[in-house]
Amino acid sequence: MRRHDYPRVEKTKGGAFLLRNIPPLMALAIRRLPELLADGAPGIRDRLVGTPYPDDSEAMKHWEKHAVPELEHLFRSARDLVLKDVEAIAPEPRATERSRMEIPVSHLAAWISSLAAVRVALGGLHDLKEEEMEEQLPAVLVTPRDRAILLVHLLGWVQGLLVEAGA
Amino acid sequence: MAETRPGIEVLEDTDTDTRLAKPWKVIVHDDPINLMVYVTHVFMKIFGYPKPRAERHMLEVHQQGRSILWTGAREQAEVYALKLRAAQLTTTLEPVEAA
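Order-wise, the sequence lines are chains A and B.
Using the working numbering, the first residue of the first sequence is number 287, and each one after it goes up by one.
Using the working numbering, the first residue of the second sequence is number 64, and each one after it goes up by one.
Next comes chain A alone, as it looks inside the complex (with noise of 0.2 angstroms):
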């Protein structure tokens, strides 16, 4: 890929982030925003619900009453509002096979939190370790477990421009 391949983020004239130049791979990683970001997607739900009290039943107790109704509301309105922008997910008019996304900037924050919710919840599901988060893919993607480390890094791909475009 030449350097003025790669995806990159710009700001257009009405102060919206323009995430250009999406790989195809990376598109595909979007477009099933939809599906991982389900209520019953498997992890999703899991991360909401842990306690920063884990030695102390009462409050425990008392977090799972108060906070986790709203965690799971700051979720729902953050992916709310991402799978609005992916449905307008579109070519590039001069490079069809990649794609173009525009984001609202009140919808950045929203994306950088549901993007961190996906790729934490494949951490999770599949028990990722930091060092085959460092480790090269192999050519042939044969297991789910590669294939979940794939997107995993695909939508952290996304989530880095977003943050440095939002910086």
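It is worth saying that the hints were derived from the structure and are not from the lab.
Heads up, a few of these hints could be off.
[To be verified] The calculated lysine-lysine pairs, modelled on BS3-like cross-linking and capped at a C-alpha distance of 27 angstroms, are:
| id | chain 1 | residue 1 | chain 2 | residue 2 |
| --- | --- | --- | --- | --- |
| 1 | A | 370 | B | 85 |
| 2 | B | 88 | B | 108 |
| 3 | B | 108 | A | 370 |
| 4 | B | 146 | B | 114 |
| 5 | A | 297 | B | 114 |
| 6 | B | 88 | B | 146 |
| 7 | A | 370 | A | 297 |
| 8 | B | 88 | A | 347 |
| 9 | B | 108 | A | 297 |
| 10 | B | 146 | B | 85 |
| 11 | B | 88 | B | 114 |
| 12 | B | 114 | A | 351 |
| 13 | B | 146 | B | 108 |
| 14 | A | 415 | B | 146 |
| 15 | B | 108 | A | 299 |
| 16 | A | 351 | B | 88 |
| 17 | A | 299 | A | 370 |
| 18 | B | 85 | A | 347 |
| 19 | A | 415 | B | 85 |
| 20 | A | 347 | B | 146 |
Keeping the supplied structure of chain A fixed, place chain B upon it in accordance with the hints.
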């Protein structure tokens, strides 16, 4: 000497607890998935830390497995924990033990 009035009971001996509530630590733990740039971004957004401080905490999490991000009143610590959990960072709250 306390003045007494008919029908009013005066309590001579009251007990007031003047100890300050115990402070709590907000601790973020390492995980294999979240990107360094993302973790730094979260610390800057939630705590308002400047980038060098946020990066210092991020590196502490990465290298030592955990970092104390903030210490103070329990209510505020819970607000931070909620925000950090919403950002998918593994967070725990611990009371500061008396020295």
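Now the hints, each set against the structure:
Taken as a hint, the residue 370 (chain A) and residue 85 (chain B) pair is broken in the structure, with Cα atoms around 45 angstroms apart against an allowance of 27 angstroms. Between residue 88 (chain B) and residue 108 (chain B) the alpha-carbon distance is near 18 angstroms, which keeps this suggested pair within the 27 angstroms criterion. Our distance criterion of 27 angstroms between C-alpha atoms is met by residue 108 (chain B) and residue 370 (chain A), whose separation comes to about 24 angstroms. About 18 angstroms separates the Cα atoms of residue 146 (chain B) and residue 114 (chain B), which keeps this hinted pair within 27 angstroms; it holds.
Of the pairs offered as hints, the one joining residue 297 (chain A) and residue 114 (chain B) holds, with about 23 angstroms between alpha carbons and a cut-off of 27 angstroms not exceeded. Proximity of residue 88 (chain B) to residue 146 (chain B) is assessed by CA-CA distance (about 15 angstroms); at most 27 angstroms being required, the pair is judged to hold. Between residue 370 (chain A) and residue 297 (chain A), the direct Cα distance comes to roughly 19 angstroms. Compliance with the 27 angstroms bound is thereby established for this hinted pair. Between the alpha carbons of residue 88 (chain B) and residue 347 (chain A) the distance comes to roughly 19 angstroms, so the proposed pair stays at or under 27 angstroms and holds.
Between the alpha carbons of residue 108 (chain B) and residue 297 (chain A) the distance comes to roughly 21 angstroms, so the proposed pair stays at or under 27 angstroms and holds. Restraint check for residue 146 (chain B) and residue 85 (chain B): satisfied, since their Cα atoms lie roughly 22 angstroms apart, inside the 27 angstroms limit. Using a Cα cut-off of 27 angstroms, the hinted pair residue 88 (chain B) and residue 114 (chain B) holds, with the two alpha carbons roughly 21 angstroms apart. Distance hint between residue 114 (chain B) and residue 351 (chain A) is unfulfilled; the C-alpha atoms sit about 34 angstroms from each other, more than 27 angstroms.
This hinted pair checks out: residue 146 (chain B) and residue 108 (chain B) have alpha carbons roughly 10 angstroms apart, not beyond 27 angstroms. With a C-alpha separation of about 25 angstroms, the suggested pair residue 415 (chain A) and residue 146 (chain B) falls inside the 27 angstroms cut-off, and the hint holds. For a cut-off of 27 angstroms, the pair hint linking residue 108 (chain B) to residue 299 (chain A) stands: about 26 angstroms separates their Cα positions. Taking the CA atoms of residue 351 (chain A) and residue 88 (chain B), the gap is near 22 angstroms; set against the 27 angstroms cutoff, the hint holds.
About 21 angstroms separates the Cα atoms of residue 299 (chain A) and residue 370 (chain A), which keeps this hinted pair within 27 angstroms; it holds. For the suggested pair residue 85 (chain B) and residue 347 (chain A), the alpha carbons sit about 21 angstroms apart, so the restraint of at most 27 angstroms is met. In summary, the hint linking residue 415 (chain A) to residue 85 (chain B) is not supported, as the alpha carbons are separated by about 36 angstroms, beyond the 27 angstroms threshold. Proximity of residue 347 (chain A) to residue 146 (chain B) is assessed by CA-CA distance (about 18 angstroms); at most 27 angstroms being required, the pair is judged to hold.
Of the numbered hints stated above, those contradicted by the structure are hints 1, 12, 19, listed in ascending order.
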